[in-house]
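Take the sequences, apply the hints, and build the full model.
Numbering (full-length UniProt numbering), first residue to last: 1 to 261.
Note that these hints are calculated values from the structure, not bench results.
Please note: incorrect hints may appear among the correct ones.
Here are the simulated SDA-like cross-link-like pairs (lysine to any residue), alpha carbons at most 20 Å apart as the crow flies [what the hints assert, rightly or not]:
(1) K121 - D83
(2) K240 - E257
(3) K214 - V242
(4) K70 - K214
(5) K214 - Q163
(6) K240 - K121
(7) K60 - E24
(8) K12 - F73
(9) K60 - G10
(10) K70 - Q88
(11) K12 - D86
(12) K70 - A49
(13) K12 - P248
(14) K12 - V38
(15) K2 - H241
(16) K247 - E46
(17) K70 - G101
(18) K60 - E40
(19) K121 - Y52
(20) K214 - I159
(21) K240 - G188
(22) K36 - E46
(23) K2 - D170
(24) K2 - A230
(25) K121 - I159
(26) K70 - E23
(27) K240 - I15
(28) K36 - Q59
(29) K2 - Q208
(30) K60 - A137
(31) K121 - K70
(32) K240 - E199
(33) K60 - G101
(34) K36 - G10
(35) K214 - P164
(36) K121 - D170
(37) K247 - E199
(38) K60 - Q88
(39) K60 - N112
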Amino acid sequence: MKIVTWNINGVKARIDVLLHWLEESQPDIVCLQEIKSVDEGFPRLEIEAMGYHIETHGQKGFNGVAILSKLRFDEVNRGLPGDDEDEQARFIEGVISTDGGVLRVVSLYLPNGNPITEDRKFGYKLRWMERLERWAAERLALEEPLVLAGDYNVIPQPIDARQPELWVNDALYQPESRGALRRLEYLGFTEAIRTVSDEQMFTFWDYQAGAWQKNNGIRIDHLLLSPEAANRLASASIEKHVRGWEKPSDHVPVAAELAFN
DNA sequence: ATGGTAGTCTCACTA
Numbered sequence: 001m002k003i004v005t006w007n008i009n010g011v012k013a014r015i016d017v018l019l020h021w022l023e024e025s026q027p028d029i030v031c032l033q034e035i036k037s038v039d040e041g042f043p044r045l046e047i048e049a050m051g052y053h054i055e056t057h058g059q060k061g062f063n064g065v066a067i068l069s070k071l072r073f074d075e076v077n078r079g080l081p082g083d084d085e086d087e088q089a090r091f092i093e094g095v096i097s098t099d100g101g102v103l104r105v106v107s108l109y110l111p112n113g114n115p116i117t118e119d120r121k122f123g124y125k126l127r128w129m130e131r132l133e134r135w136a137a138e139r140l141a142l143e144e145p146l147v148l149a150g151d152y153n154v155i156p157q158p159i160d161a162r163q164p165e166l167w168v169n170d171a172l173y174q175p176e177s178r179g180a181l182r183r184l185e186y187l188g189f190t191e192a193i194r195t196v197s198d199e200q201m202f203t204f205w206d207y208q209a210g211a212w213q214k215n216n217g218i219r220i221d222h223l224l225l226s227p228e229a230a231n232r233l234a235s236a237s238i239e240k241h242v243r244g245w246e247k248p249s250d251h252v253p254v255a256a257e258l259a260f261n
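Set out below in structure tokens:
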């Protein structure tokens, strides 16, 4: 069971790239972020023609998440609980039945949080992370295979940035952001990429200032596995080459293979 | 300190 997270930065502008990547990568489940589309605008026909079920949680212009799955959904929940005032589309959970039992998958787009001087940005990010931690603690109690996949907008460690000194005033690298991610992981999650390699790897290169050409990247897209999912982890990888394609997203797909039969 | 790029029912905002 190949599960992938990918911040696609606009699904309508990226549909040709997405279809080409699906053909090449052959994922079973794809968690997309920043679809930047309302649900009715999602280009579902072409993707369904490749055998995927699609569940979206979109909004106009910004944000928006989706899950594509070769297996059908038994249940779908939209929105992160804990704040009825929060109207940003950043969270969708799908429950899928496999031959090896139930699998719970989340596609999340954590707030960027910049600038750190504005509560409506950085405060919102930290409060969102508190809500995510509470939600995750509840779900872990189910003792099911659970994958929290997404753009976390957090650089976990200095090694996860080519030039960490450039990020010291950025919301993605604040001690509060990194501490909140660490607390989430310490509930009992295994981070897939760091389980298979200690090397420096990136998942995002800015469009600006030749970041890709200079390999000036950061690692902010993560797959967090519950113990029951981590037990099944066979491999994990970053599909870096996709950043070099025509009209790319600024993020690349991050994949984990779980044994599910 | 600035600007560099990309996407979106923008004429600004988000990243």
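Results of checking the hints against the structure:
1. Between K121 and D83 the alpha-carbon distance is near 15 Å, which keeps this suggested pair within the 20 Å criterion.
2. For the suggested pair K240 and E257, the alpha carbons sit about 17 Å apart, so the restraint of at most 20 Å is met.
3. With a C-alpha separation of about 16 Å, the suggested pair K214 and V242 falls inside the 20 Å cut-off, and the hint holds.
4. Restraint check for K70 and K214: the C-alpha separation of about 37 Å exceeds 20 Å, so the hint is violated.
5. Pair hint K214 plus Q163 holds up; C-alpha atoms about 11 Å apart against a cutoff of 20 Å.
6. At roughly 29 Å between alpha-carbon atoms, K240 and K121 are farther apart than 20 Å, so this suggested pair is violated.
7. This hinted pair does not check out: K60 and E24 have alpha carbons roughly 30 Å apart, beyond 20 Å.
8. Simply put, K12 and F73 have alpha-carbon atoms about 23 Å apart, too far for the 20 Å limit, and the pair is violated.
9. Distance hint between K60 and G10 is fulfilled; the C-alpha atoms sit about 11 Å from each other, no more than 20 Å.
10. Distance restraint check for K70 and Q88: the Cα-Cα separation of roughly 27 Å exceeds the 20 Å cut-off, and the hinted pair is therefore not satisfied.
11. Taken as a hint, the K12 and D86 pair is broken in the structure, with Cα atoms around 25 Å apart against an allowance of 20 Å.
12. As the CA atoms of K70 and A49 are separated by approximately 11 Å, the hinted pair is consistent with the 20 Å bound.
13. Of the supplied pair hints, the one linking K12 and P248 holds, its CA atoms being roughly 13 Å apart against a limit of 20 Å.
14. Restraint check: the Cα-Cα separation between K12 and V38 comes to about 11 Å, which is no more than 20 Å; the hinted pair holds.
15. A hinted pair counts as satisfied when its Cα atoms are at most 20 Å apart, and K2 with H241 qualifies at roughly 18 Å.
16. For the given pair, K247 sits about 19 Å from E46 by alpha-carbon distance, which is consistent with the 20 Å threshold.
17. For the suggested pair K70 and G101, the alpha carbons sit about 15 Å apart, so the restraint of at most 20 Å is met.
18. The suggested pairing of K60 with E40 holds, with an alpha-carbon distance near 10 Å, which does not exceed 20 Å.
19. For the hint linking K121 to Y52, the alpha-carbon distance of about 35 Å lies beyond 20 Å, and the restraint is violated.
20. Simply put, K214 and I159 have alpha-carbon atoms about 16 Å apart, close enough for the 20 Å limit, and the pair holds.
21. Between K240 and G188, the direct Cα distance comes to roughly 28 Å. Violation of the 20 Å bound is thereby established for this hinted pair.
22. Of the supplied pair hints, the one linking K36 and E46 holds, its CA atoms being roughly 18 Å apart against a limit of 20 Å.
23. In summary, the hint linking K2 to D170 is not supported, as the alpha carbons are separated by about 33 Å, beyond the 20 Å threshold.
24. Restraint check for K2 and A230: satisfied, since their Cα atoms lie roughly 13 Å apart, inside the 20 Å limit.
25. Simply put, K121 and I159 have alpha-carbon atoms about 25 Å apart, too far for the 20 Å limit, and the pair is violated.
26. As the CA atoms of K70 and E23 are separated by approximately 13 Å, the hinted pair is consistent with the 20 Å bound.
27. Pair hint K240 plus I15 holds up; C-alpha atoms about 19 Å apart against a cutoff of 20 Å.
28. A threshold of 20 Å between alpha carbons decides the hint, and for K36 with Q59 the separation of about 7 Å falls inside it, so the pair holds.
29. Between the alpha carbons of K2 and Q208 the distance comes to roughly 31 Å, so the proposed pair goes past 20 Å and is violated.
30. Taking the CA atoms of K60 and A137, the gap is near 31 Å; set against the 20 Å cutoff, the hint is violated.
31. A distance of roughly 36 Å separates the Cα atoms of K121 and K70; the hinted pair therefore is violated under the 20 Å criterion.
32. Between the alpha carbons of K240 and E199 the distance comes to roughly 14 Å, so the proposed pair stays at or under 20 Å and holds.
33. Restraint check for K60 and G101: the C-alpha separation of about 36 Å exceeds 20 Å, so the hint is violated.
34. Restraint check for K36 and G10: the C-alpha separation of about 5 Å stays at or below 20 Å, so the hint holds.
35. Distance check on the hinted pair: K214 and P164 sit about 15 Å apart at the alpha-carbon level, within 20 Å; holds.
36. Straight-line distance between C-alpha atoms of K121 and D170 comes to about 12 Å, which keeps the hinted pair within the 20 Å bound.
37. For the hint linking K247 to E199, the alpha-carbon distance of about 28 Å lies beyond 20 Å, and the restraint is violated.
38. For the suggested pair K60 and Q88, the alpha carbons sit about 10 Å apart, so the restraint of at most 20 Å is met.
39. For the hint pairing K60 with N112, the CA-to-CA distance comes to about 18 Å; that is within 20 Å, so the pair holds.
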